[in-house]
Amino acid sequence: GAGVSQTPSNKVTEKGKYVELRCDPISGHTALYWYRQSLGQGPEFLIYFQGTGAADDSGLPNDRFFAVRPEGSVSTLKIQRTERGDSAVYLCASSSSTGELFFGEGSRLTVL
Amino acid sequence: GNSVTQMEGPVTLSEEAFLTINCTYTATGYPSLFWYVQYPGEGLQLLLKATKADDKGSNKGFEATYRKETTSFHLEKGSVQVSDSAVYFCALSGWGTNAGKSTFGDGTTLTVKP
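Chain order of the listed sequences is A and B.
When we follow the numbering used here, the leftmost residue of the first sequence carries the number 1, and every step to the right adds one.
When we follow the numbering used here, the leftmost residue of the second sequence carries the number 1, and every step to the right adds one.
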């Protein structure tokens, strides 16, 4: 596709469950980013991939959060033992170089 | 660390009014500065950018100038339209070892009434 694609667009889960969120970046973009956006706030950095490797994962809040990008294209954000405080919109972005970000429409996660 | 402070909203204007949304930042190194916009029901998209001091970014009638001396990047438009109603985010890119980490403000909601 032409833009960044994220699935699912909405996910409702119960506290303690495992969740995977998928991001398909713009073809050819080597850099991929995950951000989290809570209501009324700006996007908060989670992790950045350059190719297959995580170049900076300093924004992951704790070890329940993990992300992979095994072939340097699609990425999956994994959240274990979800908590109500994890409820937010998870944004994925890609870029051809660091700088301008191209965002997907986000995956809205609700933890009950 | 880097930070971005935006004018709090919401901002409500009449069509054809002048718009200013203030943005100031703190950063190390030489970041690029951005304004992103999020229209209702859509994802964030780049509105304009400036990569070095005194650069002016412009797009769709919006402008912002990278002012290093005042650490500001205020967004302006001379005559807003109803279609400009959206949430506007000021952001800066990381620099050096933090090059992949952009920092965003909390957003300013603009509503333009006919």
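Please note that the accuracy of each hint is not assured.
For each label pair, taking beta carbons as the anchor points, the in silico distance ranges come out as [stated by the list, open to error]:
{"id": "1", "chain 1": "A", "residue 1": "Lys78", "chain 2": "B", "residue 2": "Lys52", "range": "35 to 43 angstroms"}
{"id": "2", "chain 1": "B", "residue 1": "Thr28", "chain 2": "A", "residue 2": "Thr76", "range": "29 to 37 angstroms"}
{"id": "3", "chain 1": "B", "residue 1": "Thr5", "chain 2": "A", "residue 2": "Gly53", "range": "46 to 54 angstroms"}
{"id": "4", "chain 1": "B", "residue 1": "Pro114", "chain 2": "A", "residue 2": "Gly3", "range": "25 to 33 angstroms"}
{"id": "5", "chain 1": "B", "residue 1": "Gly9", "chain 2": "A", "residue 2": "Thr7", "range": "17 to 25 angstroms"}
{"id": "6", "chain 1": "A", "residue 1": "Gln41", "chain 2": "B", "residue 2": "Glu16", "range": "29 to 37 angstroms"}
{"id": "7", "chain 1": "B", "residue 1": "Glu16", "chain 2": "A", "residue 2": "Arg64", "range": "45 to 53 angstroms"}
{"id": "8", "chain 1": "A", "residue 1": "Gly3", "chain 2": "B", "residue 2": "Gly61", "range": "18 to 26 angstroms"}
{"id": "9", "chain 1": "B", "residue 1": "Leu13", "chain 2": "A", "residue 2": "Lys15", "range": "18 to 26 angstroms"}
Some chain A residues well away from chain B (every beta-carbon gap over 12 angstroms; in silico) [unchecked claim]:
{"id": "10", "residue": "Tyr18"}
{"id": "11", "residue": "Ser27"}
{"id": "12", "residue": "Ser38"}
These stretches of chain B come out as covered by chain A in the derived footprint (C-beta under 8 angstroms, 3 or more residues) [said to hold, decoys possible]:
{"id": "13", "segment": "30-43"}
{"id": "14", "segment": "105-113"}
Quick caveat, the hints were computed from the structure, so don't treat them as lab data.
Note that this is a predicted model, so its numbers are computed, not measured.
A virtual CB, placed ideally from N, CA and C, is assigned to each residue, including glycine.
Q: Kindly indicate which numbered hints from before are broken by the structure, ordering the numbers from low to high.
A: 3, 5, 9 and 12
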